[in-house]
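A.B. asks: Listed here are the chains, written in short residue letters.
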Amino acid sequence: MVIFALKNSALEAIERAQNLAELETSYKAYLGKKGELTLILRSLANLNEAERKVQGKEANDLRNLLEKRFAERKKEIQREEIVIQEKLAIREHVDVTAPGKRLPKGHTHPLTLAQTKAEEIFQTMGFTVAQGPEIETEWYNFDALNIPANHPARDMWDTFWLKPKNAGHLLRTHTSPVQIRYMEKHNPPLRIIAPGRIFRYEATDASHGFNFYQLEGLMVGKEVSVANFKAIIEEFYRQFFGKPVAIRLRPSYFPFTEPSFEVDMRWNKGAWLEMMGAGIVHPNVFRAVGYIPAEWRGFAFGMGLDRLAMMKYQIPDIRLLYSGDLRFLQQF
Amino acid sequence: MLFSYNWLQEYIKGKLPAPVKLAELLNMHAFEVEGMQKKGRDTIFDIAVLPNRAHDCLSHTGMAREIAAICKLKLQLPKTKQIKVQKGRLTPLKVKIQPASPKTTSQGGPASQQGGSGELVPRYSALVIEGVSIKKSPKWVVDYLEAVGVNSINNVVDLTNFIMLETGQPLHAFDYEQIEGRTMNVREAKEGEKLETLDNQVFSLPEGALVIEDAKRLIDLAGIKGGKVSAISLNTQNIVLQAANFNAVAIYRTKSQLKYTTQAADMYAHQIDPNLAMEALERAYALCAELGIGGKIAQVVDLYPKSASWRIKRITLDMQFVSSILGIPLSQKEAKRILESLDCQVALAKNRLQVTCPTRRLDLTMQEDLVEEIGRIVGYETIPAAFPIAPIAPPSKNTELLWLSKIRNAFKGLGFTEVYNHSFIGDKDFSTFAYSAADKAKLVEVENPLSSEFSHLRDSLLENLVKNVRDNQKQARLAESRQAETIRIFETGNTFRQHKGKFAEFNMLGALIYNGSFYEIKGVCDFILNSLGISSAWYDEYQATSEESRAEMWHKGKSAEIKVDGEEIGFLGEISSRVNTALKISKPVGALHLNLEKLILLASEEISYRAPSRFPASTRDIAILVPSQTKVAEVMNAMTGAGGALVRDIDLFDMYEGEHLAQGKKNLAFHIIYESAERTLTSKEVDTLHNQIIKAVEENPEWEVRK
Chain A
1 MVIFALKNSA LEAIERAQNL AELETSYKAY LGKKGELTLI LRSLANLNEA
51 ERKVQGKEAN DLRNLLEKRF AERKKEIQRE EIVIQEKLAI REHVDVTAPG
101 KRLPKGHTHP LTLAQTKAEE IFQTMGFTVA QGPEIETEWY NFDALNIPAN
151 HPARDMWDTF WLKPKNAGHL LRTHTSPVQI RYMEKHNPPL RIIAPGRIFR
201 YEATDASHGF NFYQLEGLMV GKEVSVANFK AIIEEFYRQF FGKPVAIRLR
251 PSYFPFTEPS FEVDMRWNKG AWLEMMGAGI VHPNVFRAVG YIPAEWRGFA
301 FGMGLDRLAM MKYQIPDIRL LYSGDLRFLQ QF
Chain B
1 MLFSYNWLQE YIKGKLPAPV KLAELLNMHA FEVEGMQKKG RDTIFDIAVL
51 PNRAHDCLSH TGMAREIAAI CKLKLQLPKT KQIKVQKGRL TPLKVKIQPA
101 SPKTTSQGGP ASQQGGSGEL VPRYSALVIE GVSIKKSPKW VVDYLEAVGV
151 NSINNVVDLT NFIMLETGQP LHAFDYEQIE GRTMNVREAK EGEKLETLDN
201 QVFSLPEGAL VIEDAKRLID LAGIKGGKVS AISLNTQNIV LQAANFNAVA
251 IYRTKSQLKY TTQAADMYAH QIDPNLAMEA LERAYALCAE LGIGGKIAQV
301 VDLYPKSASW RIKRITLDMQ FVSSILGIPL SQKEAKRILE SLDCQVALAK
351 NRLQVTCPTR RLDLTMQEDL VEEIGRIVGY ETIPAAFPIA PIAPPSKNTE
401 LLWLSKIRNA FKGLGFTEVY NHSFIGDKDF STFAYSAADK AKLVEVENPL
451 SSEFSHLRDS LLENLVKNVR DNQKQARLAE SRQAETIRIF ETGNTFRQHK
501 GKFAEFNMLG ALIYNGSFYE IKGVCDFILN SLGISSAWYD EYQATSEESR
551 AEMWHKGKSA EIKVDGEEIG FLGEISSRVN TALKISKPVG ALHLNLEKLI
601 LLASEEISYR APSRFPASTR DIAILVPSQT KVAEVMNAMT GAGGALVRDI
651 DLFDMYEGEH LAQGKKNLAF HIIYESAERT LTSKEVDTLH NQIIKAVEEN
701 PEWEVRK
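Keeping their order, the protein sequence lines are chains A and B. Going by our numbering, the first sequence wraps up at 332, each residue one higher than the last. Going by our numbering, the second sequence wraps up at 707, each residue one higher than the last.
Some hints here could point you the wrong way.
[Claimed, not checked] Below, a list of computed lysine to aspartate or glutamate pairs in the EDC-like style, where the Cα atoms sit at most 16 Å apart:
hint, chain 1, residue 1, chain 2, residue 2
1, B, K397, A, E120
2, A, K105, B, D687
3, A, K165, B, E447
4, B, K39, B, E196
5, A, K163, B, E445
Keep in mind the hints are simulated off the structure, nothing from the lab.
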């Protein structure tokens with residue numbers, strides 16, 4: 001009978017299906033909207049009751065059987081496909097030792113790293129960061145700092161002067177003018193650091209450039225002493241280099257401080273390295289900014305930021321910092 | 001200055017510490033010993049005497065005094081001999097000192113200095129010695145002089161050098177017979193006067209140089225170098241031995257202007273104590289016999305007009321003041337001992353010291369100076385570190401720094417490497433980057449540049465960045481850039497401009513992408529503006545000119561001003577092919593030049609959270625064929641206008657020009673995302689909106705929606 005023939009051809013089709021697509025096609029052919037068995041089931045309505053009962057049962061039985069077989073066959077095929085995939089996967093492989101895809105990576109300049117770190121450390125000690133212009137006037141760069149004209153003290157700073165000549169404009173030789181500007185606008189007590197680019201008319205070599213970075217600091221209060229300065233600086237170095245360092249103060253001279261000292265730091269095998277100049281702020285500097293010297297006391301210091309960066313990151317030549325060489329810069 | 005260890009020992013009772021130990025002590029308590037060299041049985045120190053101690057320590061007795069104080073040893077001063085004038089047959093010498101001229105005073109010359117005596121010659125002292133013998137000096141003098149690098153000439157010249165290095169008072173000897181008219185006139189030179197010095201140099205003198213003139217000619221460049229005509233020779237029989245005190249400013253200015261200096265000039269330029277003059281002559285007189293000079297003193301000249309102005313200084317030192325500066329308690333007794341070892345006279349008062357400073361210590365003028373003396377002799381290593389006691393106030397927030405940090409991190413996140421370049425540009429750059437005369441006129445020029453390559457200050461960051469790209473171009477094939485063959489760099493820094501002597505300084509940010517298109521750099525710019533919360537920026541290419549870089553740098557068809565409201569905050573685009581060719585850069589370079597100050601002012605931390613809709617969005621695509629020069633923004637505006645609030649986003653995902661399209665046309669493809677916050681939009685609603693948009697687009701006869 002028709003149903004019997006249908007059953008055989010359907011079962012055969014299920015067995016023959018090689019993949020899910022073929023199986024789906026067969027399914028549609030028999031059990032789909034316009035499938036053969038579906039049509040038969042629909043046509044049952046046209047039969048008389050006795051025939052409907054018999055054929056109906058056969059048809060439904062077949063439908064159940066086919067649904068079951070299709071589902072089973074689907075699972076079989078899926079399993080077969082997984083096995084095939086795994087077999088293929090074993091043959092496809094990657095060289096796990098070859099480098100991974102390089103993603104674009106950015107880099108911060110070591111001077112920025114050093115400056116940011118220094119700023120953070122001083123900020124935790126209550127210092128505000130102040131900044132100022134790179135082109136300065138003679139007054140802010142020298143006179144206000146007790147460094148008069150026609151005086152050998154000026155020889156301590158080799159200056160780039162700007163045209164027009166004798167108009168008193170120069171490229172700042174230290175960031176001390178920033179401190180003067182700040183004090184003019186603020187009342188003490190105060191704590192500030194002034195990082196920035198400075199310019200010195202000097203021949204360049206592995207440790208000298210003609211434009212580089214300095215970090216100066218100033219603390220003014222009612223009771224501020226050399227002992228306080230030592231504590232602040234020791235703490236700064238401890239945090240900057242990540243371990244306690246030994247420092248020592250030696251007598252020195254700056255027109256804007258009295259007493260003045262050089263600060264050395266002990267590096268590695270006991271060699272002392274000169275790190276910064278410092279001292280107690282000279283009363284003439286206070287007078288220049290309108291503070292009353294008898295009422296206030298302060299210390300000031302200045303260190304080379306390039307040097308700090310070179311020590312922290314073991315950079316042998318200052319010129320690398322301004323070379324724009326990516327082979328150097330991309331190491332940070 | 002060089003110091004001989006053996007020579008120093010002459011002035012110390014008891015043995016000096018060994019050279020290495022002595023150097024250590026000097027370093028820690030006085031001056032830096034920059035070098036030490038063994039020379040036979042002697043050790044020669046190169047000591048960096050601090051500028052404010054040049055007046056008393058650029059001498060062996062001065063240094064010995066320091067050493068005695070530091071090492072707690074006793075000083076042993078050299079023998080002097082009281083000057084006795086004897087009758088001689090020489091015509092008396094007439095010495096006149098001229099005052100400073102108003103002209104040099106107005107130029108910042110000697111008399112203009114506040115606090116100084118203003119005189120050209122605070123003191124002029126000299127001995128006229130009759131009947132000298134010129135011969136070789138004894139060995140010990142020659143040895144000491146040669147130890148510190150001075151050649152022995154003859155006993156008279158050696159005497160002057162020896163006394164100078166021993167006492168810090170320069171001496172000069174003239175051949176009396178060469179002084180025409182037996183008159184010496186000390187005055188300022190006029191511009192261009194000529195003088196030949198005894199080292200055979202002919203100088204054309206600047207206005208205000210101190211000179212000594214006899215009745216006929218110039219015979220001495222006072223305080224700096226003797227004149228050839230009055231030099232001591234083997235035939236000299238009578239000499240004028242001068243110990244003068246010259247105005248420091250005059251000497252400093254002259255030696256700077258001539259770019260010529262001597263040991264004597266260096267000493268004078270720092271100002272010395274006029275009292276040293278006669279002391280030095282008394283010492284010289286004591287040595288005359290020993291050096292075989294002989295002779296008798298026929299005349300003493302001592303012009304010391306303002307002797308009162310070199311007053312002994314008295315300073316009241318408050319002990320509380322000392323402790324508060326140093327941060328350690330100090331006894332009155334100890335302070336007294338230290339100051340006395342430095343040759344001060346100290347009287348005790350209640351918690352105070354009355355200190356009388358020796359005249360030779362020109363640097364001791366106020367309490368702070370004495371605190372330094374005490375501090376350094378005690379030793380700064382005795383001061384323990386102690387944190388200040390002050391109210392903890394958080395530092396005021398540096399918002400600009402926070403934004404700058406954010407910007408830097410944003411660039412880092414986009415794969416850029418930060419670069420630092422020099423602030424200077426010069427002739428090479430002018431030709432490479434085609435600076436016109438008008439361009440150069442806007443630049444700030446350096447009066448004394450290191451070289452013509454660094455003659456001006458940079459007016460933009462771009463030129464150096466482009467050079468960085470050129471230099472690194474080969475490296476683009478290496479390391480991290482390998483896969484992308486790109487270089488991404490950025491820099492923040494100041495640029496400069498001037499107009500008629502008024503300077504302007506700008507804090508700028510420059511960024512370059514080598515092998516990057518206009519759209520790439522625009523993407524970077526959008527990202528940065530976004531991360532700063534700046535939403536109202538737009539790009540203007542209508543007659544786009546950069547305010548802060550030169551037009552020659554930019555590709556005219558692929559650049560734009562970045563504006564917020566009406567103001568330009570920066571410029572971006574591709575670097576011009578002219579520049580690329582000049583630097584042999586083979587791929588296009590995208591560049592961005594932003595004014596950081598303006599940018600940071602606009603930055604805002606306001607980010608308000610916008611909740612995503614609970615209801616699903618629908619996307620429809622639309623492709624529009626437009627003329628090539630139509631701006632995407634125009635088309636998007638038209639669509640946004642027509643779509644209204646239910647259009648959540650319009651996203652350009654493709655822009656195509658070329659094959660398969662008609663000439664002069666381009667195809668823009670957008671995703672339009674429809675979404676409502678209140679309900680799920682039905683298919684019908686979305687279709688209606690979409691058709692509205694299509695209709696709006698087609699209102700423009702040149703635009704064609706592709707179906």
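A.B. asks: Next, verify each hint and record whether it holds.
C.D. replies: Hint-by-hint comparison with the structure:
1. K397/B <-> E120/A: Given pair K397/B, E120/A holds - Cα atoms ~12 Å apart, limit 16 Å.
2. K105/A <-> D687/B: This hinted pair is violated, its Cα atoms lying about 44 Å apart.
3. K165/A <-> E447/B: Measuring from Cα to Cα gives roughly 7 Å; hence the hint holds.
4. K39/B <-> E196/B: Violated - the C-alpha atoms of E196/B and K39/B are around 35 Å apart, more than 16 Å.
5. K163/A <-> E445/B: Within the cut-off at roughly 6 Å; holds.
In summary, the numbered hints that this structure violates are 2, 4.
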